[in-house]
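Make one complex out of these two single chains by using the hints.
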Amino acid sequence: MTDASEQSATEPDLIDELLAGKHRALARVITKIENRSPGYRELVSRLHEHTGDAQVVGITGSPGAGKSTLVDKMANAYREQGLTVGVIAIDPSSPFTGGAVLGDRIRMASNVGDMDVFFRSMSARGSLGGLSTATTDAVKALDAFGKDRIIVETVGAGQNEVDIVRTADTVAVLVPPSSGDDVQMLKAGILEIGDVFLVNKADLDGANRTVMELQEMVRMREDSPRFDPGHHGAEAVPDAASNGEDGGESEDDWEPPVLEAVAKTGEGVDEFLDTLDTHHEWLEATGKLEELARERYAEEIRALLREDVNRLVGTELRNRGGIESYVDSVLAKETDPYAVADDLLEPLAECVEERRGE
Amino acid sequence: MSADGEQEQRTIRCLVAKVGLDGHDRGAHVIARAFRDAGFEVIYSGLHKSPDEIVQAAVQEDVDVLGISILSGAHNTLVPKIMDGLREYEADEDTLVIVGGIVPEDDREGLKEAGVAEIFGPGATMDETIEFVRENVHERE
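Protein sequence lines, in the order shown, are assigned to chains A and B.
When the letters of the first sequence are read in order and numbered with our numbering, they come out as residues 1 to 358.
When the letters of the second sequence are read in order and numbered with our numbering, they come out as residues 1001 to 1141.
Isolated chain B, as found in the complex (with noise of 0.2 Å):
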């Protein structure tokens, strides 16, 4: 209703993260602009960032979803390290980590031990990685 000024806008908040030295962002870039285009606020944190710094955007932005876009091979370091920050700051409860990316077969169930919700390999379609966000986001207060 126009008259009222004051419902309620629940927007879901989305960092779509480039870790290490991986120097590929298109399709950080495609996945930013399907999310924005989806209506979530995306932020996008540019490329060669540390898992520190990743962590640092995730809790100051207190994002709904995080989503680590990896072509290098170096997840197993870095996804975890990502996932620790976040519980130092008590973030890992309610951020839905998610990644994308080339993703081995053999590493998949690691991934998802140490906190990372689903992979979407080559083959995942945006709808898809959409429609997840949406049904696996945190209720939140």
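If we strip away everything but chain A, and leave its shape as in the complex, we get (with noise of 0.2 Å):
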């Protein structure tokens, strides 16, 4: 049998297999799609019509401030609820050997042998674009297998988590106590895309300055028109203007409410599920789910485009003898990297051109 009908032959199964509760292939898609193996972009395709049942919830905040013992007690409680729930922790990786030492999946003592709570990790191995779109379509395995709520864990404080985060419907903020510092860099990005502020750890000394500090920054996001589409009908950004829901503007807000909790005793993580679900009903009676879902599929759109553009442009190059020697006349100054952009590109834009004349 050759590989390729054996390859074939295998791939449909791996989706079947899937969607029939196997959770082997689960881990199978999900490593296909790590890898970006050939054929990994047809089974992520596939999984499309199964997905969109699932409430994703994004965990983020600052490098300690208990994330990953915070999703096992999520996890645990979801369990007592009845519902699956599946978990992916990103952790980052070596940027020299490209190793990681992925530490998360450490804290997961509650759901021992409990294959419903499937945890997977997750490294950054290098491209932050690459990440969220292996995020992304890791989450829709997960949901089309059926789990019932999906925590995607960030690795920590920073500009890539943002883009992480909005493959979630909630994005919970983590936020350490006396971290006054901290805070203040919370507010250049994580501030911004935070649903749920949840001051961890609130036994310790200065949890509730920090609440404090943080109930503060949120209302002046509130006042600060550009944080909040949706808000005020004047001098709303464009997005406000196209969501055509101006009336009843204040039952239309979410203000981000901040809790309390001490993830380790587990103690206010019923309270923070219930508002996860009160911000999901929100999200829903708004019809923001919807326009949520909308950005993600247009960002994804975006993002393959990209991919796809930029391998044809790989190709093109090679074809071309690859990068060195256009390296080698820029540096003699013959042409300039502007120049060989144009000429590159050239022949793709007439392409494009003539079919569009058609």
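Think of the hints as simulated: they come from the structure by calculation, not from any bench.
Computed from a predicted structure; not experimentally measured.
Mixed in with the good hints, there may be bad ones.
[Stated by the list, open to error] Listed below are several chain A residues computed to face chain B (Cβ distance under 7 Å; list not exhaustive):
#	residue
1	R24
2	A25
3	A27
4	R28
5	N35
6	G99
7	V101
8	S110
9	V112
10	G113
11	F118
12	R120
13	S121
14	M220
Cβ atoms here follow ideal geometry from the backbone N, Cα and C, with glycine treated the same way.
This is the structure we're talking about:
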């Protein structure tokens, strides 16, 4: 039997097996997604029609905020509600070797031997763009598998987190107490994406102050029209206008609540989960859930297009003898990078124009 | 090529596991780090895990390599349990299982019959272990 026929025989099975609830198939599909193995796009394509039922929560926050511990307790609480859970935990990888120690699983102590909590570690594997694509696709796999709740746990605070949590319907930002400076840092990116804030380790000194600081910041954000589509009719951003729901604006608003928890003991976790549910109901009621999905799909199409065009150009570059000879010419001042880019893209542009002309 | 954003990125994934009562994990840490530096993705289980937990982790993480570190002498009971668990999920065939730690000569044959690919005792070097993994990791489509 040839490799090709063997492959075409196994690949469709993999999705069938995944849909039939086989954990190994789910794990294997995620691996193929991560590795970008040949045929992975077809797999993800086939998953699409089976997605859309899971509630996706993103958990982010600075390193040491207690994300993994919280996720463990969340998974446990969801299981007690009779829900199945998928977790994707992202850890950094070494920029030098590509290696990584994926350490979040170690804290998943409450769900021992329970396959209905499917926990998967993912490493950043160098490329950030690739990571968010892989994360989105892995979420699809878990969703199609039938997980009720999917938790995406990110590395730590940073600009790249913003991309990853776009996968989620609800984004929770975890803040440890007494992190005045951290909070300042959060202002720049993470604060803007939080739907719920959770001050973890609330039994420590300084928790109250952190809660107050966060509340203040949330209020500041509310006052700033830029951060809040749907707020204030008059000076609203275009997004809000296209929403077309200017009536009942105050009801449409979501003011991110600031909650407290001690993830280690499980204190405050139930209330936190209730808040996540409330946010999800709000998303549904206001039509924002669909809006989010639309944005996500648009972004996904754009990302795929970028990837494909990139690959197309890469192939063209290879066919023309690789980038080095171009670099040589640029160094020798015979040409310049802009001219090279124009030159390489010209045939592509021509093709596109020709087709459009037809 | 930098313009190519979609090349396959095959990365060896490895679970470093501590099973049972044995509470010494210095060796597991060292090997986890060495694997990381070799470019592997390493998931460390943490101490005192049951065979079930290790199986759950190995299956969900879809690891290429399962490295079990045992110093307690309980390998004859724990390792076969893990192998049985992997078999249950049809994960035994393409997971390379290696054991590190203190394993008496007499026990080695039994472990290998249970499906362990290699046993690395006190004299084994990191390079040797990494080399073995690179050479024996199962090809996957």
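Verification of the hints:
1. A distance limit of 7 Å between C-beta atoms decides the matter here; for R24(A) the minimum to chain B is near 5 Å, and the interface restraint holds.
2. Given hint, A25(A) at the interface with chain B, is violated; its Cβ is 9 Å from that chain's nearest Cβ, farther than 7 Å.
3. Satisfaction of the interface hint for A27(A) is found here, the shortest Cβ-Cβ separation to chain B being roughly 4 Å, below the 7 Å cut-off.
4. Of the supplied interface hints, the one on R28(A) holds, with its beta-carbon coming within about 6 Å of a beta-carbon of chain B, less than 7 Å.
5. Annotation: interface hint on N35(A) holds; nearest CB of chain B at approximately 5 Å, less than 7 Å.
6. Hint status for G99(A) relative to chain B: holds, with the closest Cβ pair at about 4 Å, below 7 Å.
7. Here the hint on V101(A) is kept, as its CB sits about 5 Å from the closest CB of chain B, short of 7 Å.
8. Nearest Cβ of chain B to the Cβ of S110(A): about 12 Å, over the 7 Å cut. The hint is violated.
9. About 5 Å separates the beta-carbon of V112(A) from the nearest beta-carbon of chain B, less than 7 Å, and the hint is met.
10. Against a cut-off of 7 Å between C-beta atoms, the interface hint on G113(A) holds, since the closest Cβ of chain B lies about 4 Å away.
11. With its C-beta approaching chain B no nearer than about 6 Å, F118(A) sits inside the 7 Å limit, and its interface hint holds.
12. For R120(A), the interface hint holds, since its Cβ comes within 7 Å of a Cβ in chain B; the closest pair sits about 6 Å apart.
13. Evaluation of the S121(A) hint against chain B yields a held restraint, the C-beta minimum of about 5 Å falling below 7 Å.
14. Checking M220(A) against chain B by beta carbon gives a least distance of about 38 Å; that is not within 7 Å, so the hint is violated.
The structure does not agree with the numbered hints 2, 8, 14 stated previously, though it agrees with the rest.
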